[in-house]
Every structure is written in structure tokens, then in C-alpha cells.
Amino acid sequence: MFIRLVTVALIILTVIIAHSFPWLKTPVIFSLCNGLAVLGVIVLIRAGQVSFGHAMYSCAAGYTVVFLARAYQLDGLLLIGLATMVATAFSALLGLFIVRYRGIFFGMLNLAFSMVLYSIISKFTTVTGGTDGLSFSRPQLAGFILERDAFETALLYMVLACALICGLLAQRYFESAPGQALGAIKTNETRLEYLGISAKHVFWMGYLFSGFLAGLGGSLFAIAQGLVTPEAGYWVRSGEFVFIAILGGSGHAIGAYLGAFIFEFVRFYAAALLTGAWQITLGIVLIVIIFLAPEGLVGMLTRFRLPARR
Amino acid sequence: MNQILLKTTGLSLSFGGVTACDGIDFELAEGERLAIVGQNGAGKTTFVNICTGYLKPSAGQVFFDGEDITGLSPRKITRRGVARSFQIPQLFAEHTVRECLLIAASARRDNLGFFQSIDRSVDVVSVDETLKLVQLAERSHLQARLLPEGQRKLLDVAMALVLNPRLLIMDEATSGVSSEEKHGLMETLMQALSERNVTSIFVEHDFEIVERYATRIAAWIAGKIAADGPPKQVLEDPEVIRNVIGG
Numbered sequence: 001m002f003i004r005l006v007t008v009a010l011i012i013l014t015v016i017i018a019h020s021f022p023w024l025k026t027p028v029i030f031s032l033c034n035g036l037a038v039l040g041v042i043v044l045i046r047a048g049q050v051s052f053g054h055a056m057y058s059c060a061a062g063y064t065v066v067f068l069a070r071a072y073q074l075d076g077l078l079l080i081g082l083a084t085m086v087a088t089a090f091s092a093l094l095g096l097f098i099v100r101y102r103g104i105f106f107g108m109l110n111l112a113f114s115m116v117l118y119s120i121i122s123k124f125t126t127v128t129g130g131t132d133g134l135s136f137s138r139p140q141l142a143g144f145i146l147e148r149d150a151f152e153t154a155l156l157y158m159v160l161a162c163a164l165i166c167g168l169l170a171q172r173y174f175e176s177a178p179g180q181a182l183g184a185i186k187t188n189e190t191r192l193e194y195l196g197i198s199a200k201h202v203f204w205m206g207y208l209f210s211g212f213l214a215g216l217g218g219s220l221f222a223i224a225q226g227l228v229t230p231e232a233g234y235w236v237r238s239g240e241f242v243f244i245a246i247l248g249g250s251g252h253a254i255g256a257y258l259g260a261f262i263f264e265f266v267r268f269y270a271a272a273l274l275t276g277a278w279q280i281t282l283g284i285v286l287i288v289i290i291f292l293a294p295e296g297l298v299g300m301l302t303r304f305r306l307p308a309r310r
Numbered sequence: 001m002n003q004i005l006l007k008t009t010g011l012s013l014s015f016g017g018v019t020a021c022d023g024i025d026f027e028l029a030e031g032e033r034l035a036i037v038g039q040n041g042a043g044k045t046t047f048v049n050i051c052t053g054y055l056k057p058s059a060g061q062v063f064f065d066g067e068d069i070t071g072l073s074p075r076k077i078t079r080r081g082v083a084r085s086f087q088i089p090q091l092f093a094e095h096t097v098r099e100c101l102l103i104a105a106s107a108r109r110d111n112l113g114f115f116q117s118i119d120r121s122v123d124v125v126s127v128d129e130t131l132k133l134v135q136l137a138e139r140s141h142l143q144a145r146l147l148p149e150g151q152r153k154l155l156d157v158a159m160a161l162v163l164n165p166r167l168l169i170m171d172e173a174t175s176g177v178s179s180e181e182k183h184g185l186m187e188t189l190m191q192a193l194s195e196r197n198v199t200s201i202f203v204e205h206d207f208e209i210v211e212r213y214a215t216r217i218a219a220w221i222a223g224k225i226a227a228d229g230p231p232k233q234v235l236e237d238p239e240v241i242r243n244v245i246g247g
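Protein sequence lines correspond, in order, to chains D and Y.
Per the numbering used here, the first sequence starts with residue 1, numbered consecutively.
Per the numbering used here, the second sequence starts with residue 1, numbered consecutively.
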């Protein structure tokens, strides 16, 4: 119940910010996009596994958006759909191999593949623009050609809707049989096998879902930014996703967005107020959270219960 | 004569210089309640591990309901109707008692909703019945890791039971359970197994339990079956008395 209240409050706050502080629309959009990718990382954390390369799916989706936008001038919704499908297919393929591994090997394999992708994108300058990346014109959204302000507002609501729907879907997945089995991988994979459940298959399905979420976040981010660079798939980006996942907590899907908001706004204001020291600020915030709430912000929230009605 | 459910022929396995299974020829008929007894290191759990796919034998074969299951994975053997509980309970430590059983129950269904709550996609009635059966209904909300040892054992057995197996293998199911509760638990378990027509094998060190609930006893000594037959006959066998019971 409390989590629901927090969710509603977050949605209302997002809408208020969008209309009262227009210069904050972009950070809010970026927070929600990152939150989607972080939700993908949280799916894997629930299985006790941490991916240090999940930004590769956001990056793959981003470059799909930019290639298609430049070649065919497709509608934004179509770009997002196709790019997310590409990222999901990519995760399905890589996942067949990666889900055989656990622990540090799983983490590092994801990192390795992400660095291969990063290197390819950086080197194929004529195709990808190299380290400068590629930009594209603002696409139509659902057939409407929108000016910048209106585009940003529409995008904000679209990203908010995607975040809400994916958050609900993720939470339902966590409560489903495959989601519960995914959580069981963390504690006793052998017992899953002795129940007749394929841990590899369960994990692969979770990996697929996480790739979908990261891809959706990446495609929306690309649309918002109008530019994609190889940094979108760099290991530092993946590390940020893990950082945010720990900050927000993996106990509930809302943790991804809470963590993303805190991260984005601390970085935003720390960069403005403490130029050159924003990383220290973020680090201190994370240390404090880990000491006070090892289960992240969600863990802190779930400790609060509204008093029972008489 | 009932149908032969489990059969082994020439089953052997050694660990270095230690022979854990030495050419075991064995048959278990449907409906039997077999107790496997023996000293520690006699090869009882090794035999169970081979039959359930955890270990592969160096020689011999295992048949379940006429099908050769030698070398199949635990998952495939479980899917064929063999379930087991463990000497050291294998639980999902961070899940609640009820969630552990729900996950186990979900294994019985092939098509599970990706976005459908597990409560709605599995047979919750059988889960709740099993919880009552093993007297864990009042602890169903507790995380498995918080249970005392005896109840961890019960949960382990319950997770196997909820699969509705044809053969249930329990490895020291009552160890860690208090003396007062052992008999009550075994009584309830055996009654449930009879009602559900489940054949059972239980590895046990408590001879009171063995004598009371087994329809047949197989006594293991140094990787071989030294005596196999009705409880009275086996428990009065001089070799069993000398090497197993220790009288």
C-alpha cells in the first residue's frame, strides 16, 4: 500500500515538474529512461546475478533508432518498437550463452560483450560516426509533427507511461511463477532442478526480459536526446545502472525509478554546485544508503507501514 | 505382485579407493515403503543420489517404471515422477515457507503465466493442504532460513510431496525433528503417501521409525545390500545386528 502511494506521488511530482519547471523535463525523461534500463538490471539482481554490461542493450537500441531514423524517417513510436525488438533479440541470442554462467563470470561476460560492441561502434566511423556518434532529426510522434516544447512534453508523458507499465509488468513478473523461480536461483539452483524446473531456461527468460527493458530505455533515451554515441554502451554506463539499482533497491520495481531520480538529480545539482566533485557526492550518497539501508531506498520504504485502521 | 517401479542392475560407483555402490541389484514394487538402513558411509545416500541423477554410476543401470533413466539429469528424473528430500534440507532460504511450496507446485504445470501471480497459476489448495500436513501452516509467512532444523526438514519433504510424485525418496526425513514429533510426523506422512498412492523410500537411522513404518527394509553394509526383506527378518539378521544396529 505504501509503495503504491509512493508511486502515485512520483507520478504526480513528475507531472508537476513537467509543467512548472520546463527546464527539468529533460532530466526527468532521462531519469525515467535510465530507470527502465536499471529495472532490467534489477531483474537479474533478483537472481543474485549482476551484469556489468547491460548498457550494450540500451546502446544497440539507440543505434537502431538512429540508423532507421536517418534512413527512413520513421515515426517515433515505430522507431521505439523496432529498436526495442532489436535489443530484445540481441539479448535473446547472447543470453543463450551467457546464462550458463554465474557470479563474477556472468558479470564479466556481459562486460566483455559490451566492450566488444563499444569497440566496434567506435571504430566503424563511416557507419556509426565513431566517438562523435550520430544525430537525427526530431521524428513525428504518432503521426504528429511537434515543436520542441510540445515534443518534450509528449515524450515525457510517453516515457512516464512506459515506465509505469513496465514497472507494473516487472512487479507482476516478480510475483509470477517464473519470477519466483528466478529468485530461487539466487539461493538454491540445485533444488530448482530437483523440482523439475530448468534453472537455465528460467534465467534465460529473465535475461530476455531484462534486455527488453534496457532496450526500451535506450530507444526512448535516443529519441529524447536526438543523438547516440558509443558512450551509451560503455562499461561506465553499465556501472551506473548497477549503482542506481543498489541505490534504489531490488525489492520492488519502484526502486529502479527512485534510484534513477535520486542519481540524476544529485548528479544534476552536484555538477552545478560542486563542479568537478559531483562523483564524490554520488559516492557519499551511495555509502550512506548502504550503511543506513542495505536494501536500498525500497528497503527503507517497506519498513514504513501505515497504521492499521480501527 | 505389484508393478516394479524402481529397478537397478549391477549398479556400481567408487570414489577413489572407496566403493560406495558395489554391484547393486535391486527392485522396488509400487506401493512399498522401503527403509534403507546402514552405518554412515555405507553407501545409502550414494545409492539415492544415483537413482535421482545427482551422480552417474560407473557401471550398471537404473530403471524407473521400465524406462532406463541411467545418467539422466535430476530435472528429467523428477519430471518422470521421482521426488526426493535431502539429508541437508535444500530450501529457497529467502523465500517464505509458502512461497517455497508455490514454486515447487509450479513445476507441475508446463505453461505458466509470465505476468500472472503464482497464487493464481498453481494449485493453491494442494499447497495449503501440504502445509497443514507437515504442520507448517502457521509458519507459512516465515522465511525458510528462519525455521528451526526440524521444520526445515519438514519443508524439504513438503516441497517434494507437492510435486505429486509416484516415488518419494526421503533422506533422513526425521533427523533434527524432536522425539515427540517424529512418530506423529511419520504417521501423517505415511498416511498421506498411502492416500496418494505414492511409493516411498526413506533412509533412516531411527530403528523405531523403521520398524513401525516400513513394509520392507534394505540394510546397507560397505556399498552392498547385506539384508533385504520384511522388517522383523532384517532386524533380526545377525550381520545387520552386528554391523548396522550395533547390538
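No lab work stands behind these hints, which were simulated from the structure alone.
For each residue, glycine too, the CB sits at the ideal point set by N, CA and C.
Hints are not guaranteed to be accurate.
A partial selection of chain D residues facing chain Y, derived with a Cβ cut-off under 8 Å [to be verified]: (1) Ser135; (2) Tyr173; (3) Ala184; (4) Ile287.
Hint compliance check: list the failing hint numbers for this structure, sorted ascending. Hint check: 1 and 4 fail, others pass.
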